[in-house]
Amino acid sequence: MALDTTDLSILNKLQANAQLTTKEIAAAVNLSVTPVHDRIRKLERAGYIERYVALLNRKKLGKSLVVYCNVTLDKQRKESFEEFNAAVSRLPEVLECSVVSGSFDYLLKVIANDVEAYNAFYQQNLSVLQSVLHISSFFVMSEVKSTTEIPI
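My numbering numbers the first residue of the sequence shown as 72 and each following residue consecutively.
Derived by calculation from the structure, the hints in this document are not laboratory data.
The structure presented is a predicted model; accordingly, all values stated were derived computationally and were not measured.
A few of these clues could be false.
Below are the DSS-like pairs computed for lysine-lysine, each with C-alpha atoms no more than 30 Å apart in a straight line [as the list claims (entries may be wrong)]: (1) 84 with 130; (2) 216 with 130; (3) 134 with 84; (4) 113 with 94; (5) 84 with 180; (6) 180 with 216; (7) 84 with 113; (8) 94 with 84; (9) 94 with 130; (10) 216 with 131; (11) 134 with 180; (12) 149 with 180; (13) 146 with 180; (14) 84 with 216; (15) 134 with 216; (16) 131 with 180; (17) 84 with 131.
Can you build the whole structure from these sequences, using the hints too?
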């Protein structure tokens, strides 16, 4: 599916505020409601729109600490990656987990209430995995930019 400028504009509007009504989006892109509704459904079916979510304020929920972890596995084997992937997928504190190239294997973004909670998470969840050789933790002091909006 090729996207035109109207589709891109609709996507921009939705990622900025998914609660906009079809009528509000239609007014912003200078179309009537029905074509905008049809375009949104097409974008959903084509996979451009994966899901709609509410972005929560983690600080108000007591999750004030963000930690990035570099994780190195003990062996570069398929089984080690599978074990680690499965374990990390079950950990709600891990917001993001990416396999990376370079001097370590994974980059994790972890949230916790505080340093003590992170230490418990580290000791009880990460360091106990047999496939893990080394973990480096980097504590976020201040966030300069945090967004979910993809530039299109």
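These are the hints, each one checked on the structure:
1. 84 with 130: Cα-Cα ~26 Å, so holds.
2. 216 with 130: 15 Å, holds
3. 134 with 84: Measuring from Cα to Cα gives roughly 28 Å; hence the hint holds.
4. 113 with 94: The hint holds at about 17 Å.
5. 84 with 180: 27 Å, holds
6. 180 with 216: 15 Å, holds
7. 84 with 113: Holds, at about 16 Å.
8. 94 with 84: 12 Å, holds
9. 94 with 130: 33 Å, violated
10. 216 with 131: 18 Å, holds
11. 134 with 180: 13 Å, holds
12. 149 with 180: Within the cut-off at roughly 23 Å; holds.
13. 146 with 180: 22 Å, holds
14. 84 with 216: Cα-Cα ~20 Å, so holds.
15. 134 with 216: 17 Å, holds
16. 131 with 180: 19 Å, holds
17. 84 with 131: Within the cut-off at roughly 26 Å; holds.
Consistency with the previously given hints fails for number 9 only.
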